[in-house]
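A.B. asks: Okay, here's what each chain looks like letter by letter:
There are 2 protein chains.
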Amino acid sequence: MRAGVALLSEKGFSATGLEQILQQVGVPKGSFYHYFTSKNEFGLAIIDAYADYFAKRLDRAFVHTNLSPLSRIKFFMDDARAGMARFDFRRGCVVGNLGQEMGSLPNIFQEQLHGVLLDWQRRTALVFAEAQSVGELDARHNCESLAAFFWIGWEGVVLRAKLERSPDPIDIFSETFMALLTR
Amino acid sequence: MRAGVALLSEKGFSATGLEQILQQVGVPKGSFYHYFTSKNEFGLAIIDAYADYFAKRLDRAFVHTNLSPLSRIKFFMDDARAGMARFDFRRGCVVGNLGQEMGSLPNIFQEQLHGVLLDWQRRTALVFAEAQSVGELDARHNCESLAAFFWIGWEGVVLRAKLERSPDPIDIFSETFMALLTR
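Sequences listed follow chains A and B, in order.
Sequential numbering of the first sequence, starting at 1, is according to the working numbering.
Sequential numbering of the second sequence, starting at 1, is according to the working numbering.
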């Protein structure tokens, strides 16, 4: 599973061969098919595992913290930047990669990927609502729309940082987004 | 070339077989290799063709128009929405698709894709600067950063609209972006 997450965050689903994953971890094909009926089932399990991992990461940034609400959003972006830097901006987001590949994936992936994004948005909307309640964010903002806007844009950020192999897109997005929220 | 653009905007590069493209247009492999030495060379030519097509589209929205500057940005988003709707939100952006696939593409694609995005940003920054000069946009905004922010986010929009097979992400991004600029 870990090897699958790593390869899917780097290359996506279509470009990653099952053989490549199994070779890397020294697991024979027969053993794989004991646990999964197909590469697709494996892909769906990887999305689940990634969603669990990411939920913990969001909790660390958004819940278990003394930061002000808007600083938590900033912290998440800085943390993601550090995470991408660790892999030389070669690994992106499993959900974004597979989302981009929907044209060649079975429809069952769609619902699962969308569900994960809606969960992230829900968590983020709570932070924006808290920012409003402490006066950090203007009350005119619609927190749900703002959270959706953030995640729609954020998948673009990860894509672009991978494309450029550079933190620059993360920095530009982060600075501009915070400026737009607080000016 | 047209069949290639269509398939690459829908499925990306890795998931699109050369045979599939050639079969669709009834071109034998030998004829293909008369014009291109490899699938990679064909891919780079497709990016060029897509960039030309898209530059005309941006000129239509940004230059050949009587709209106010910020209305041109809105027009571009509405126009892109209509374009995606025409293909049932199955086709996205060739540049975004291939950008997402950088992990499995040769490095030569990186420079070309990045160059196209910088061109789009340059054109967009001019519109924001004009918006400032007519008082539609606050002078505190950095037009280059804002244009980069827009294109970083916009590739996320296209990805998400494809994932959801729906215009909703375009609408949320468009409305929220215009609200953030003008409130």
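Keep in mind that the hints were calculated from the coordinates and are not lab data.
Treat the hints loosely; a few may be bogus.
What the hints assert, rightly or not - Here are the simulated DMTMM-like cross-link-like pairs (lysine to aspartate or glutamate), alpha carbons at most 25 Å apart as the crow flies:
#1 Lys74(A) x Glu41(A)
#2 Lys74(A) x Asp138(A)
#3 Lys39(B) x Asp52(A)
#4 Lys29(A) x Asp59(A)
#5 Lys56(A) x Glu144(A)
#6 Lys56(B) x Asp88(B)
#7 Lys56(B) x Asp79(B)
#8 Lys74(A) x Glu175(B)
#9 Lys39(A) x Glu19(A)
#10 Lys29(A) x Glu19(A)
#11 Lys74(B) x Asp138(A)
#12 Lys56(A) x Glu19(A)
#13 Lys74(A) x Glu144(B)
#14 Lys29(A) x Glu10(A)
#15 Lys39(A) x Glu10(B)
#16 Lys74(B) x Glu130(A)
#17 Lys56(A) x Glu130(A)
#18 Lys56(B) x Glu144(B)
#19 Lys74(B) x Asp138(B)
#20 Lys39(A) x Glu19(B)
#21 Lys56(A) x Glu41(A)
#22 Lys39(A) x Asp52(A)
#23 Lys29(A) x Glu41(A)
#24 Lys39(B) x Glu10(A)
#25 Lys74(A) x Glu19(A)
#26 Lys74(B) x Asp88(B)
#27 Lys74(A) x Asp138(B)
#28 Lys74(B) x Glu136(B)
#29 Lys56(B) x Asp138(B)
#30 Lys39(A) x Glu144(A)
#31 Lys39(A) x Glu130(B)
#32 Lys74(B) x Glu19(B)
#33 Lys39(B) x Glu164(A)
#34 Lys74(B) x Asp52(A)
#35 Lys29(B) x Glu10(B)
#36 Lys74(A) x Asp119(A)
A.B. asks: Now tell me if each hint is right for this structure.
C.D. replies: A quick look at each hint next to the structure:
1. Lys74(A) x Glu41(A): 35 Å, violated
2. Lys74(A) x Asp138(A): 17 Å, holds
3. Lys39(B) x Asp52(A): 38 Å, violated
4. Lys29(A) x Asp59(A): 36 Å, violated
5. Lys56(A) x Glu144(A): Between Lys56(A) and Glu144(A) the Cα gap is close to 21 Å, so the pair holds against 25 Å.
6. Lys56(B) x Asp88(B): Holds: Lys56(B) and Asp88(B) sit about 23 Å apart, inside 25 Å.
7. Lys56(B) x Asp79(B): Judged against 25 Å, a Cα distance of about 13 Å means the pair holds.
8. Lys74(A) x Glu175(B): 23 Å, holds
9. Lys39(A) x Glu19(A): 10 Å, holds
10. Lys29(A) x Glu19(A): Judged against 25 Å, a Cα distance of about 8 Å means the pair holds.
11. Lys74(B) x Asp138(A): 23 Å, holds
12. Lys56(A) x Glu19(A): Answer violated: Lys56(A) to Glu19(A) is near 30 Å, above 25 Å.
13. Lys74(A) x Glu144(B): 21 Å, holds
14. Lys29(A) x Glu10(A): 22 Å, holds
15. Lys39(A) x Glu10(B): Within the cut-off at roughly 21 Å; holds.
16. Lys74(B) x Glu130(A): Distance ~30 Å between Lys74(B) and Glu130(A) Cα, so the pair is violated.
17. Lys56(A) x Glu130(A): Holds. Lys56(A) to Glu130(A) sits at ~20 Å (cutoff 25 Å).
18. Lys56(B) x Glu144(B): 21 Å, holds
19. Lys74(B) x Asp138(B): It holds: about 17 Å lies between the C-alpha atoms, which stays within 25 Å.
20. Lys39(A) x Glu19(B): Satisfied, since the Cα-Cα distance of roughly 23 Å is no more than 25 Å.
21. Lys56(A) x Glu41(A): Judged against 25 Å, a Cα distance of about 23 Å means the pair holds.
22. Lys39(A) x Asp52(A): Holds. Lys39(A) to Asp52(A) sits at ~20 Å (cutoff 25 Å).
23. Lys29(A) x Glu41(A): 15 Å, holds
24. Lys39(B) x Glu10(A): Given that 25 Å is the threshold and the Cα spacing comes to 21 Å, the pair holds.
25. Lys74(A) x Glu19(A): The hint is violated at about 39 Å.
26. Lys74(B) x Asp88(B): 21 Å, holds
27. Lys74(A) x Asp138(B): At roughly 23 Å apart (the allowed maximum being 25 Å), Asp138(B) and Lys74(A) satisfy the hint.
28. Lys74(B) x Glu136(B): Judged against 25 Å, a Cα distance of about 13 Å means the pair holds.
29. Lys56(B) x Asp138(B): At roughly 28 Å apart (the allowed maximum being 25 Å), Asp138(B) and Lys56(B) break the hint.
30. Lys39(A) x Glu144(A): Violated, at roughly 35 Å.
31. Lys39(A) x Glu130(B): 51 Å, violated
32. Lys74(B) x Glu19(B): This hinted pair is violated, its Cα atoms lying about 39 Å apart.
33. Lys39(B) x Glu164(A): With Cα atoms ~22 Å apart, Lys39(B) and Glu164(A) stay inside 25 Å; holds.
34. Lys74(B) x Asp52(A): 37 Å, violated
35. Lys29(B) x Glu10(B): The given pair, whose Cα atoms are some 22 Å apart, holds under the 25 Å limit.
36. Lys74(A) x Asp119(A): With a Cα-Cα distance of about 19 Å, the restraint between Lys74(A) and Asp119(A) holds, given a limit of 25 Å.
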